[in-house]
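Engineer: Here's the letter readout for the chains.
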Amino acid sequence: MDELEAIKVTFFQECEELLADLEGGLLAMQDGNDDGDTVNAVFRAVHSIKGGAGAFGLEPLVRFAHVFETLLDALRSNEIPGTADLTAVLLRASDVLADHVSAARGLGMVDMDASAAMAAELKAWTDPSAAAVAAAPVEDAPEFEGFTPIVISGDDGMDDDDLGFDFQPMTISLDAQAADVAVLDNVWTVSIRPKSDLYRKANETGLLLRELARLGPIQATLDDSALPTLEFLDAEAAYVTWSVRLETEQGEEAIREVFEFVDGDCELEITRGEAPVADVLASLMEVALPEPAAPVEAPIAVAPVAEVAPPAPVAVSAPVPATPPVAANAPAAAPAAKPAQIEVPGPGQSVIRVDPERIDRLIDLVGELVINQAMLAQRVGEYGIAPSSNLAMGLDELEQLTREIQDSVMAIRAQPVKSVFQRMPRLVREVANMTGKQARLVMDGENTEVDKTVIERLADPITHMLRNAIDHGLESPEERKAAGKNPEGVVRLAALHRSGRIVIEVQDDGRGINRERVLSIAVKKGLISPDLTLTDEEIDNLIFLPGFSTADKISDVSGRGVGMDVVKRSVQALGGRISIASRPGLGSTFTLSLPLTLAVLDGMVVDVAGETLVIPLACIVESLRPKAEEIRPLGPTGSVLAVRDSFVPLIDVGLTLNYRSKSPPPTEGVVLLVEGEDGSRAALVADAIHGQRQVVIKSLEQNYQQVEGVAAATILGDGRVALILDVDAVINLRRRGPPSPSDPTLIAAE
Amino acid sequence: MTRTVLTVDDSRTMRDMLRMALSGAGFNVVEAVDGEHGLEVLSAHRPDVIITDINMPKLDGFGFIEAVRVDDDYRAIPILVLTTESDPSKKQRAREAGATGWIVKPFNPEKLVEAIRRVAA
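Residue numbers (the numbering used here), protein chains in the order written: chain A, 2 to 751; chain B, 6 to 126.
One chain only, chain A, in its complex shape (with noise of 0.2 Å):
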């Protein structure tokens, strides 16, 4: 990739961190959180993306971005109150300045007149007058004179001495030699006097010296009349003045130009024509002696003369630009060649880029190290070593730094979901606006940590349910009020771990769920039976059903198309489950919760009806051999285990998943009381209990097709491919009764 081109990702990366830091900064102000670098903190989000974006000419979202940095200006050094008003005009702002970014990327465009009418929005409160609309863009442009976007050619590193000494010596003698002759107009006089001031801010009068040789000969001659003895000496002060003779086919304006940095700290003067150097340096000398009383021979005697050629090898060390400035700015577009040097990152710099495929593939070795230490233990066992022996410890030794190396690897990939997090405050924002909610977005657990491959699959299933909470959570500000609420309604994202799981929670304060009307409408669309009797939390989670939908009209916001059955099948598809808890007058919960990483898992390995299969031990409570007295039966065909002071009923997986048609009696097998994503508990039969396992995930979508009740595979110890079970999926089977016979048989291959 082109260098500037990278460096141009790396921008629009900053610009996200920026703007996320902008909003974060914006709404901490909003709630009063701010603290006194807030604003400066949030200054310098804005100003940091226009010093970027102005390095790569992307005007339009410069100028916005000026204007806004102005405001913020004016906010933090006192000029403007801090408002409530101010702050919702900012954070509107910081939308339009991510799209700005957005389209600056050639991702989506800009509403200009929107982005117009923000700008003059933002003016009016700098400047009320506000007719300075049209004045902006007279008053911006300066700031993009001279603007070249980093260009570097192949001429200027390597060729720059070379072109030094060819190019002025020929040039100068020769016009030199025409002067001298001719008319005397080339020739200036400058005399240079600095003061104490100029050495505290490390210029140099050598290096200004070497600076007008580069303009044309010169001739310098110093005075240190002035210089006192050594005793008298005040190391920090200016005492010598410089008299220079400057052949140059220049004007006035480049011989200043030498001085800009030192401007006011020298007392400069340049006069066209050939001073006799004792006239310079006795005008330089009134000025210079206070105290007449120094020497009285003649300065011209005690003056050394340097003679500083213009090409002074020893100075042109740094490179004179290859082309004329007005040339250098023409190319601009023209892609350069490579710089000679390549950037080696400086010892400063701290951070790895790694490609990441190297850490999938990293991920998937080390996922292949795992299966394979575990059927070297495995082939041990059947050796019948015993485990105090020095093999059986030095296996162990191995599981456990395999472990390790595995969790390390994991961690590499592991990130804060605040990527996610943070794209949310805006649309809750654009949600409310277009519904007419209220709503305040409080978010928690940004920080924590998930696998890549399982946030960046998070962004779709959370603003779905974001916007359903708003949309059909919250109620209107009126409506709110009436119930004697904050018209403000507040939604709650909020992430953590639980169980070896990443779980999600998007909670409102709103209506809740009107179970009156979802059942209606289920039963009415035909999606159940009308004489089923549900429980409140049944109903609740009939929104997920296929072709569900309460909204009485599509609105402009949930209603795209997108139900909640497509957000449930999609994140059942990354092994996660999603359910809503709802309390009518307070509010609904929706709570997602996906395994960290799609790579590996802890499980407890089982035989049932012959097959292997691993439940995730996520998912078990605790096992147990159940005893006749505590198995009732319930209906027909069920029956429920006495487990402590409840009943949980009791499913065969092996009759669940099709393998055998006739249960055996419980009291033959192992009991394995699971709990589910919705809180409810079953209790699993199993034949026999293997132990417990790390197994490497493999999809069984992508290898096989989804199958009910199977949640992925694995290959085991022994090199079998076992099933990994879907407990909730197993347990909802169960409430439906068993499956019908034209789903897929499962069979787990050997």
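Keep in mind that the hints were calculated from the coordinates and are not lab data. You may find that some hints are simply not true.
Stated by the list, open to error - On the chain B side, residues computed to face chain A include the following (Cβ under 8 Å):
1. Pro62
2. Ile82
3. Pro83
4. Ile84
5. Arg98
What the hints assert, rightly or not - Some chain B residues near chain A, calculated using beta-carbon distances under 7 Å:
6. Ser16
7. Thr18
8. Asp21
9. Met25
10. Asn60
11. Lys63
12. Leu64
13. Gly68
14. Ala72
15. Ala81
16. Gly103
17. Ile108
18. Arg123
In this text the structure is predicted, and so the values were computed from the model without any measurement. In this text, a Cβ means the ideal position worked out from N, Cα and C, and glycines have one as well.
With chain A's structure known, arrange chain B on it following the hints.
Structural biologist: Same frame as chain A, now just chain B:
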């Protein structure tokens, strides 16, 4: 001898830009993300020239320049201030703090290298 330039800027884009322009012109580049960090890098690398931004978290450009100028070991290092501010008061404040010169953003590599040449021995 390759000269070392320390760039102090909180914007990664700007640091990358500077690095590209400077290493393209044969300079060795070390970087810092704010004034505080700049002072640390300074002692580790002893740069020949410093280029610093003004608006930075923790320690801003003014504070950074002042800190460099009061340190006997470093006060002779030329410092160029990098800024988009067209505001002359900022430039003046930077000079009072002890800035040697300045570069107006957006800069082009020629201007940048020229500014360094003007202040670097």
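Engineer: Are Gly103 (chain B) and chain A close enough, Cβ to Cβ, to be under 7 Å, as the hint says?
Structural biologist: holds (5 Å)
Engineer: Would you check whether Ala72 (chain B) satisfies its interface hint, that is, whether its CB is within less than 7 Å of any CB in chain A?
Structural biologist: violated (14 Å)
Engineer: For the hint on Ala81 (chain B), just tell me whether its beta-carbon gets within less than 7 Å of chain A.
Structural biologist: holds (5 Å)
Engineer: Given Asp21 (chain B) as an interface hint, is the shortest Cβ-Cβ distance to chain A below 7 Å?
Structural biologist: holds (4 Å)
Engineer: Min Cβ distance, Gly68 (chain B) to chain A: is it shorter than 7 Å?
Structural biologist: violated (13 Å)
Engineer: Leu64 (chain B) was flagged as interface toward chain A. Is the shortest Cβ-Cβ separation under 7 Å?
Structural biologist: violated (12 Å)
Engineer: Please verify that hint: Lys63 (chain B), Cβ, nearest Cβ of chain A, below 7 Å or not.
Structural biologist: violated (9 Å)
Engineer: So, as I understand it, the hint says Arg98 (chain B) touches chain A; can you test that by seeing if any CB pair is closer than 8 Å?
Structural biologist: violated (13 Å)
Engineer: Does Thr18 (chain B) hold up as a contact with chain A if the rule is Cβ-Cβ below 7 Å?
Structural biologist: holds (4 Å)
Engineer: Under the criterion of a CB-CB separation shorter than 7 Å, is Ile108 (chain B) in contact with chain A as hinted?
Structural biologist: violated (11 Å)
Engineer: Next item in the hint list is Ile82 (chain B). Is there a CB on chain A closer than 8 Å to its CB?
Structural biologist: Holds, because the Cβ-Cβ distance from Ile82 (chain B) to chain A comes to roughly 6 Å (cut-off 8 Å).
Engineer: Tell me if Ile84 (chain B) is really an interface residue toward chain A, meaning its C-beta lies closer than 8 Å to one of theirs.
Structural biologist: Holds, about 7 Å.
Checked against the numbered hints given earlier, this structure breaks hints 5, 11, 12, 13, 14 and 17; the rest are met.
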